[in-house]
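Letter by letter, the chains look like this.
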Amino acid sequence: MIQFFHVTKKYTQGAVALTDVSVHVEKGEFVFLTGPSGAGKTTFLRMIFRDEVPSSGQVVVNNQDVATMPARRVPYLRRQIGVVFQDFKLLPRKTVFENVSFATQVIGLPRREQRSRTFQVLEMLGLNHRLHNFPEQVSGGEQQRMAIARALVNRPLILLADEPTGNLDPDLAQEIMGLFRDINSHGTTVIIATHDRDMIRRMGRRVIALDHGRISAAGAA
Amino acid sequence: MGRLLRALRHCIRETWDGLWRNPALSLLSAAAIGISLYVLGLFLLLAFNLNRFVEALGRETQIQVYLREDATPDQLRTLRAEFASDPAISEARYVSKTDARQRFQRDFPTLRDLPGRVGGNPFPASFELEVLDASRDPEGLDRIAKSYQKAPGVEEVRYDRGWTERLAGMVGLVQKGGYGIGALLAFAALVTVGATVRLTVLARREEIEIMKLVGATAGFIRGPFMLAAAAQGLAGGALAVAGLRVTHRLVERTEIFRANPFMSIVAGRFLPSDAALALAAVGAALGIVAAVLSLRRAGSV
Numbered sequence: 001m002i003q004f005f006h007v008t009k010k011y012t013q014g015a016v017a018l019t020d021v022s023v024h025v026e027k028g029e030f031v032f033l034t035g036p037s038g039a040g041k042t043t044f045l046r047m048i049f050r051d052e053v054p055s056s057g058q059v060v061v062n063n064q065d066v067a068t069m070p071a072r073r074v075p076y077l078r079r080q081i082g083v084v085f086q087d088f089k090l091l092p093r094k095t096v097f098e099n100v101s102f103a104t105q106v107i108g109l110p111r112r113e114q115r116s117r118t119f120q121v122l123e124m125l126g127l128n129h130r131l132h133n134f135p136e137q138v139s140g141g142e143q144q145r146m147a148i149a150r151a152l153v154n155r156p157l158i159l160l161a162d163e164p165t166g167n168l169d170p171d172l173a174q175e176i177m178g179l180f181r182d183i184n185s186h187g188t189t190v191i192i193a194t195h196d197r198d199m200i201r202r203m204g205r206r207v208i209a210l211d212h213g214r215i216s217a218a219g220a221a
Numbered sequence: 001m002g003r004l005l006r007a008l009r010h011c012i013r014e015t016w017d018g019l020w021r022n023p024a025l026s027l028l029s030a031a032a033i034g035i036s037l038y039v040l041g042l043f044l045l046l047a048f049n050l051n052r053f054v055e056a057l058g059r060e061t062q063i064q065v066y067l068r069e070d071a072t073p074d075q076l077r078t079l080r081a082e083f084a085s086d087p088a089i090s091e092a093r094y095v096s097k098t099d100a101r102q103r104f105q106r107d108f109p110t111l112r113d114l115p116g117r118v119g120g121n122p123f124p125a126s127f128e129l130e131v132l133d134a135s136r137d138p139e140g141l142d143r144i145a146k147s148y149q150k151a152p153g154v155e156e157v158r159y160d161r162g163w164t165e166r167l168a169g170m171v172g173l174v175q176k177g178g179y180g181i182g183a184l185l186a187f188a189a190l191v192t193v194g195a196t197v198r199l200t201v202l203a204r205r206e207e208i209e210i211m212k213l214v215g216a217t218a219g220f221i222r223g224p225f226m227l228a229a230a231a232q233g234l235a236g237g238a239l240a241v242a243g244l245r246v247t248h249r250l251v252e253r254t255e256i257f258r259a260n261p262f263m264s265i266v267a268g269r270f271l272p273s274d275a276a277l278a279l280a281a282v283g284a285a286l287g288i289v290a291a292v293l294s295l296r297r298a299g300s301v
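Sequences listed follow chains A and B, in order.
Each residue of the first sequence is one higher than the last, beginning at 1 in my numbering.
Each residue of the second sequence is one higher than the last, beginning at 1 in my numbering.
No lab work stands behind these hints: they were computed from the structure.
Computed from a predicted structure; not experimentally measured.
Where hints are given, some of them may not hold.
As the list claims (entries may be wrong) - In silico DSS-like links for lysine-lysine, alpha-carbon gap of 27 Å or less:
#, chain 1, residue 1, chain 2, residue 2
1, B, K97, B, K146
2, B, K150, B, K97
3, A, K89, B, K212
4, A, K27, B, K212
5, B, K212, A, K10
6, A, K94, B, K212
7, A, K89, A, K10
Make the full structure from the sequences, and use the hints.
Here it is in structure tokens:
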């Protein structure tokens, strides 16, 4: 599903985010991406939905070479990928419902489909009592779930999450992880970037460890 | 098809919301385009009327063949025959010395005593030649004039080309000036509209970023901005046309206009409706161009 071949990413200022990274993630896999801050986890994720392109090497997602893909194809790649951002990226002037349905509107779903999918995913994430609240009126955990709902509403093949439990209490973090496991059990490939070692140990899934932009270890936790 | 219609509906709804989200900015864009087109329109109006005048003059262009005092009846007959056989001449009218004097006295009543005071009749007899349309261009007139210049009994051949040409030159100048100033103002309008588009993009950059991340196409994101700019341009163009109409009406009503025949030459008629429509369309086009340039400069949109 996702293949990195000798991927290196250098920024113009000379900083190197990734060095010679080669990784395969199979369809339906659940993978943790770990490493200290600045190890290149976010860059790794951003390359998958082409928010970044490699300086050298190749990134292939669902049989498409992401770097050489023409710009007009990028939106269609992104529709296959749900992303939960570390900073959530919610729109402060839209309600919970609107923040999530927004993603369905953008890809041109019929109005009825937009509503039913949004309701469905908000119910699944336990946000159906918050439909008309604005992001600042809900808790951090609920904002997190909004971001997850938006990532899931278009039924992506791949779900990427960047530190999704970073600012949650342990119980809530556990609950969110359970959610990702459920999503994965329905066939969605899931990659989660986190430096929460306890969490990784508890989940017992495959781990890709990055350090200073290089793969330092790979395998099951 | 359904997808396209939905995208279109979304685009129109977003455009409408966008226009009203910041009415002052929308108004500024429309006004910038409106003012530039208004000024361009003033010049076009002037040039259009002058052009009509020049064309009317051109239609009345005649060639005057002045005869020598000592031209003989034989020479007159020969000339008449030559005019009749010239394919470029539709009519040749003889104007006798007496006719010429009477015409002068009729056209300039205040000077009617002048011929008497200078002694005798100073006006020469002449032929007035009506030229066929096909030969009414400068070259055609010149050729006819030259061919009779040296004919026996002819003193001088004249036609009012010089004046017509000078006027046509002036009209060209007015037109060019109008285009020049119009282009300058259009550029200023482009910059203004471009800046407002950029401001709107900046104000919504978070939303645009998220739209891109969840898979919105460039057209989906840019469409509303372009449509809004086109609407502002169209409104500006319509305002310009309305402003020109009002200006024209006001000018028509002034005393100066009624008292001075020159005014009806420079502003007698309003622009034809296709020109007015074109002006409004240019407004819309300016809006779109400004949006395209601005969105391209904003790059990541």
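_Check the hint pairing K150 of chain B with K97 of chain B against an upper bound of 27 Å on the C-alpha distance._
holds (21 Å)
_Against the 27 Å threshold, does the CA-CA distance of K212 of chain B and K10 of chain A hold or violate the hint?_
holds (24 Å)
*asked:* Holds or violated: K94 of chain A and K212 of chain B, Cα atoms, limit 27 Å.
replied: OK: K94 of chain A and K212 of chain B at ~17 Å, within 27 Å.
*Would you check the hint for K97 of chain B and K146 of chain B, treating anything up to 27 Å between C-alpha atoms as holding?*
Answer holds: K97 of chain B to K146 of chain B is near 23 Å, not above 27 Å.
*asked:* Tell me if the straight-line CA distance from K89 of chain A to K212 of chain B falls inside 27 Å.
replied: Status holds; Cα separation ~12 Å.
*asked:* Hint check: K27 of chain A vs K212 of chain B, CA-CA at most 27 Å. Holds or violated?
replied: holds (25 Å)
*Between K89 of chain A and K10 of chain A, is the straight-line Cα distance small enough, at 27 Å or below?*
Answer holds: K89 of chain A to K10 of chain A is near 26 Å, not above 27 Å.
Violated hints for the displayed structure: none, as all numbered hints are satisfied.
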